[in-house]
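**Student:** Chains as they are written, first to last, in numbering that gives the first Met the number 0: chain A, 0 to 220; chain B, 0 to 386.
Calculated from the structure, these hints are not laboratory results. A quick note: this is a predicted structure, and the numbers were derived from the prediction, not measured. A virtual CB, placed ideally from N, CA and C, is assigned to each residue, including glycine. Take the hints with a grain of salt, since some may be wrong.
Said to hold, decoys possible - Facing chain A, according to a computed beta carbon distance under 7 Å, are these residues of chain B, among others:
#	residue
1	Met0
2	Ile4
3	Asn10
4	Gly303
As the list claims (entries may be wrong) - If you want the footprint, here are the derived chain A segments under chain B, 3+ residues with CB under 8 Å:
#	stretch
5	50-64
6	85-98
7	107-120
8	173-183
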Amino acid sequence: MIQLQNLNKVYRTSTIETTALNDINLSIDKGEFLSIMGPSGCGKSTLLNIMGLLDEPSSGKLVINGQQISDYNSKAMAKYRNQHLGFIFQSFHLIPDLSVIDNVELPLIYRKMSASQRKSLAKTALESVGLSNRVDHYPNQLSGGQKQRVAIARAIVGEPSIILADEPTGNLDSVMGNEVMEILLRLNTEKQTTIVMVTHDENMANMTHRLVRLYDGSQVQ
Amino acid sequence: MIRQIFVLLWNKKTSNLLLLIEIFLAFLALFAVYSYVIKNMDNYGRVPGFSTENRWLVLVDGRDVDSTKASTMYPLLKKTLASDPNVMEAGLINSVYPFGGSWSQTGDDDAGFEIEMRYSRADANIGKALDIEMVGGRWFEEGEELQPVESMIVNQEFIDLYYPNQNMVDSTILFSGKKKIIGIIKDYKYRNEFEEPYSSGFFYDRPGHIYLSNLILKMKPGTPAAYQENIIKVVESITGNNRSVIQDLDEMRIENSRGSWTAMVFLLALCGFLCLNIALGLFGLLWYSIQKRRSEIGLRRALGAHSTDITTQLVLEMVILVSIALFLGVVFAIQVPILKLIPMESDIFYRAIFWAFCSILGIVILCTVYPSRQASEIHPATALHED
Ligand SMILES: Nc1ncnc2c1ncn2[C@@H]1O[C@H](COP(=O)(O)OP(=O)(O)OP(=O)(O)O)[C@@H](O)[C@H]1O
Ligand SMILES: [Mg+2]
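Could you put together the complete structure from these sequences and hints?
**Tutor:** This is how it looks when you write it as structure tokens:
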């Protein structure tokens, strides 16, 4: 489903050059739940961003569903992100001025969909993360765990085939972290959603199908 | 998208309200100034009906002139000056001369309705001396005083006001007794280049009448200003004193309009300043809000928004907000012509509303598009990484 071939990423500023990713080769199958671990600064987020088409590799190939992504223009990439990818971030990234349901609807806004259809899909997504009683709340009225569940609802509302989660439990205590992890596992088993998750938690990594370790931009396992 | 924009605007209502009020007030200020300027420029654009170029005005001192002296002195002055090689035409006029600041007005309801007219008294040569534009009939002729019915000349506005769509040339009307309209002039904007349309005209006096104490000279083109000395010498030799004055009508016209021009430039500069203020305010506000919303913008990109979607959203947010302010402004401004709060043609106000609306919307779009484009270039990976 996702193939990375000889992927490199170098950040260049006027003074220094940082190699964030060094010759990464990775193949992720459909329905796989993969976790990525490694010390801070080793390039985990960079890797996820490249898989999420939020960043471009310096060299190497990224192939998703048999399509080489470097052939895409920015419009096609935006469309691809919208239809096939779901993102979950460590710091939730909910829009504070929008209600829970409006936040969840966001990906659908860019899909030319009727308002009522958006609303019903968003409600279903919120139900599946157990937040159907919080639709009209605002993000600052929610706990961290609830915020992350809203973010998950937002990630799954468009039924993407791939979810990219960057430390989804990083800002949560273990109880709330486990809740989030359970939702992700359920999603993976019930809907065969491919999930790539960056984590610092060995226990959570062990619950996934496969673990990839990065060190200084290189794959070590 | 539109509903979400309204939600976003509403949830930031405190900071948006300030901008809304500023734009609302600016719109009203622009509306007021534009109305004033449009009215003035409309009036300015109306033909004056006479010419001031190469025209000199001789103000003869009449302090110790009685009617006997007048009857010989003024015709002599006119005749002598008319024979000057540089003078093409010389005419006599009373103290109501162009841009002199004085006026006479007479009204009457003999005809069964109120007629009002501002008038000057003039002789047979003033028509040519001022190149007064005729639209019908003729100017006064010598011996006009011998006509059985007193002659008068009126402007088109007079006809339009009191005898619309009638051919009034050679008609006798009741206006302080019987008067015969012998000629219709296009206009006679003698008080001010920005004066409102007004019914005005001329009555006749023969040269030598004590009223006709001033001369208008049509000079040959290119006569130097220094030549005024020669004219004055001639005048002094006839009047026997040096109290007479000569003035250039063109300069009087320019001097007379200076105040209005200054006021308009000042007010327009004020508008420009207001607009600049709005521009800077918008720019700052947008810049600030974009910095604060970097992660939102990054997130939207991640969720599938193309950079054009981001630009559209930010521009639309501003345009909607500003449209609310402008809508309120229009609702207020439109009361002026609807309720006739100010006695001016309503057309002027509608034009002022239109231009004020366009000015502000133009500024807003100009000041919004650039920062919004910048914002849409925000790199999503970086923006999402920041907090
Ligand atoms: N926009 C950028 N410009 C320059 N260098 C960058 C940029 N983004 C990341 N880097 C560098 O690339 C390397 C990898 O960063 P990345 O964010 O992928 O690390 P990470 O593994 O996610 O770390 P963490 O666990 O702390 O989130 C780091 O050395 C970082 O400083
Ligand atoms: Mg990271």
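**Student:** If a hint holds in the structure, say so; if it does not, say that too.
**Tutor:** Hints, one by one, checked against the model:
1. A least Cβ separation of about 6 Å between Met0/B and chain A falls short of the 7 Å threshold, and the interface hint therefore holds.
2. Given the 7 Å rule on beta carbons, the hint for Ile4/B is violated: about 10 Å separates it from the nearest Cβ of chain A.
3. Against a cut-off of 7 Å between C-beta atoms, the interface hint on Asn10/B holds, since the closest Cβ of chain A lies about 4 Å away.
4. For Gly303/B, the interface hint holds, since its Cβ comes within 7 Å of a Cβ in chain A; the closest pair sits about 2 Å apart.
5. Requiring three or more residues with a Cβ within less than 8 Å of a Cβ of chain B, the coverage given for the stretch 50-64 of chain A holds, as 3 such residues are present.
6. Against chain B, the stretch 85-98 of chain A contributes 8 residues with a C-beta closer than 8 Å to a partner C-beta. That satisfies the three-residue criterion, and the hint holds.
7. With 4 residues having a beta carbon nearer than 8 Å to a beta carbon of chain B, the stretch 107-120 of chain A meets the requirement of three or more and the stated coverage holds.
8. For the stretch 173-183 of chain A, the proposed coverage by chain B is not satisfied: 0 residues have a C-beta within less than 8 Å of a C-beta in that chain, short of the threshold of three.
Hints 2 and 8 from the earlier list are contradicted by this structure; the remaining hints agree with it.
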